[in-house]
Amino acid sequence: MKQLLIVLLILSTGLHSAGQITQHHYEYEPVLHGDTIVLPITLIDAFPFITGEVNGVKGKFMFDTGNQRAISINDHVIDLPKKRLAGKGIVGSGQTFNNSINDTIRQVKLGDEIVYDHLLNIKSGNYSYLEGITPDVIGYVGYDYFKGYIFKLDYIKRKVTFYKNTIERNSLKDFLAGEHVLAVIPFFTRKLPNHPMVKVKIKDVELLGAFDTGQYGLLQLTVADQKELQAKKAVLAIGADRDNTPLLNVRNINIAGVFMTDLKGVESATLGDTGTVRKALEITEKNLINIGYRFLTSYKTVWDYDNKKIYVLSY
1 MKQLLIVLLI LSTGLHSAGQ ITQHHYEYEP VLHGDTIVLP ITLIDAFPFI
51 TGEVNGVKGK FMFDTGNQRA ISINDHVIDL PKKRLAGKGI VGSGQTFNNS
101 INDTIRQVKL GDEIVYDHLL NIKSGNYSYL EGITPDVIGY VGYDYFKGYI
151 FKLDYIKRKV TFYKNTIERN SLKDFLAGEH VLAVIPFFTR KLPNHPMVKV
201 KIKDVELLGA FDTGQYGLLQ LTVADQKELQ AKKAVLAIGA DRDNTPLLNV
251 RNINIAGVFM TDLKGVESAT LGDTGTVRKA LEITEKNLIN IGYRFLTSYK
301 TVWDYDNKKI YVLSY
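The sequence shown begins at 1 in the working numbering and counts up one residue at a time.
In short, the hints are calculated from the structure, not lab data. A couple of the hints might just be wrong.
Unchecked claim - In silico lysine-lysine, DSS-like type, Cα no more than 30 angstroms apart, as pairs:
#1 K279 with K199
#2 K173 with K309
#3 K309 with K286
#4 K58 with K164
#5 K227 with K279
#6 K109 with K201
#7 K308 with K159
#8 K203 with K147
#9 K233 with K264
#10 K147 with K88
#11 K164 with K201
#12 K164 with K147
#13 K173 with K159
#14 K88 with K279
#15 K157 with K58
#16 K286 with K227
#17 K279 with K203
#18 K203 with K191
#19 K58 with K191
#20 K173 with K157
#21 K233 with K203
#22 K308 with K199
#23 K309 with K199
#24 K164 with K109
#25 K309 with K159
#26 K191 with K88
All chains should be built: construct the whole structure from the sequences, respecting the hints.
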């Protein structure tokens, strides 16, 4: 009986240890460390979020490639009494907010395992405009966080996987192991390095395409081009969403001459709606398509910024 109790004790201790989470602590700068890192994501109203904490307050960070900062904090939810006002910010939809700088942030957690202590010079802002998506939004995770890494975005398995970009990895492409590659899309950037851009055609109409995880998907056409594509059944109005934004089904989208796709439920926008984005990204083309959630739920993607490629994979 005594031996049995000892065995049970050993087994229970082993099970407890196996269930423990090992946290990795880093200081001063919120950047990735290591060769391959996996973070779970939660999709809320089409947007990807990473669970985390700021100074002990639990919440969610939006994973937004359109945001260049590594980490920025929603000081409408997180109390940051020592923040210093640093001007105004503006988002693509035209909303403005106060920007601040924080000399130090005591602690930020991402997922269950990654912990950053004593972060320096961290941006914060009043991101209350995001709280309609989820009231516990505590900030953004953006481009500078994964700079120097390739990432694979999988909305079906709800995860983002980061791979350190190395010479060996560029040769072996282990991030494609077991995947069915549908296309490799070359992209370019202009004013900002975090916004992949591509040339797009729908039938004979030319557009600029911009990839962004912080977008549903948007189509803005001149009146003449919209009439032409509607006549050719390439653009079909399907009603409106709960905010009365007109929605479109779009067919025969040719991305960079290497990939054809159709998208359903893309938001319809006017030239005026896209003015802020156009100025920020130096977009002069008359027609624009933002490639976001509607595309990313249809295809798994790998984003390789260093080599300016987006791999389109089947789910």
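Results for each hint:
{"no.": "1", "hint": "K279 with K199", "verdict": "holds, 18 angstroms"}
{"no.": "2", "hint": "K173 with K309", "verdict": "holds, 13 angstroms"}
{"no.": "3", "hint": "K309 with K286", "verdict": "holds, 24 angstroms"}
{"no.": "4", "hint": "K58 with K164", "verdict": "holds, 28 angstroms"}
{"no.": "5", "hint": "K227 with K279", "verdict": "holds, 26 angstroms"}
{"no.": "6", "hint": "K109 with K201", "verdict": "violated, 42 angstroms"}
{"no.": "7", "hint": "K308 with K159", "verdict": "holds, 22 angstroms"}
{"no.": "8", "hint": "K203 with K147", "verdict": "violated, 36 angstroms"}
{"no.": "9", "hint": "K233 with K264", "verdict": "holds, 13 angstroms"}
{"no.": "10", "hint": "K147 with K88", "verdict": "holds, 25 angstroms"}
{"no.": "11", "hint": "K164 with K201", "verdict": "violated, 33 angstroms"}
{"no.": "12", "hint": "K164 with K147", "verdict": "holds, 9 angstroms"}
{"no.": "13", "hint": "K173 with K159", "verdict": "holds, 19 angstroms"}
{"no.": "14", "hint": "K88 with K279", "verdict": "holds, 16 angstroms"}
{"no.": "15", "hint": "K157 with K58", "verdict": "holds, 23 angstroms"}
{"no.": "16", "hint": "K286 with K227", "verdict": "holds, 15 angstroms"}
{"no.": "17", "hint": "K279 with K203", "verdict": "holds, 27 angstroms"}
{"no.": "18", "hint": "K203 with K191", "verdict": "holds, 28 angstroms"}
{"no.": "19", "hint": "K58 with K191", "verdict": "violated, 34 angstroms"}
{"no.": "20", "hint": "K173 with K157", "verdict": "holds, 21 angstroms"}
{"no.": "21", "hint": "K233 with K203", "verdict": "holds, 10 angstroms"}
{"no.": "22", "hint": "K308 with K199", "verdict": "holds, 14 angstroms"}
{"no.": "23", "hint": "K309 with K199", "verdict": "holds, 13 angstroms"}
{"no.": "24", "hint": "K164 with K109", "verdict": "holds, 20 angstroms"}
{"no.": "25", "hint": "K309 with K159", "verdict": "holds, 20 angstroms"}
{"no.": "26", "hint": "K191 with K88", "verdict": "holds, 20 angstroms"}
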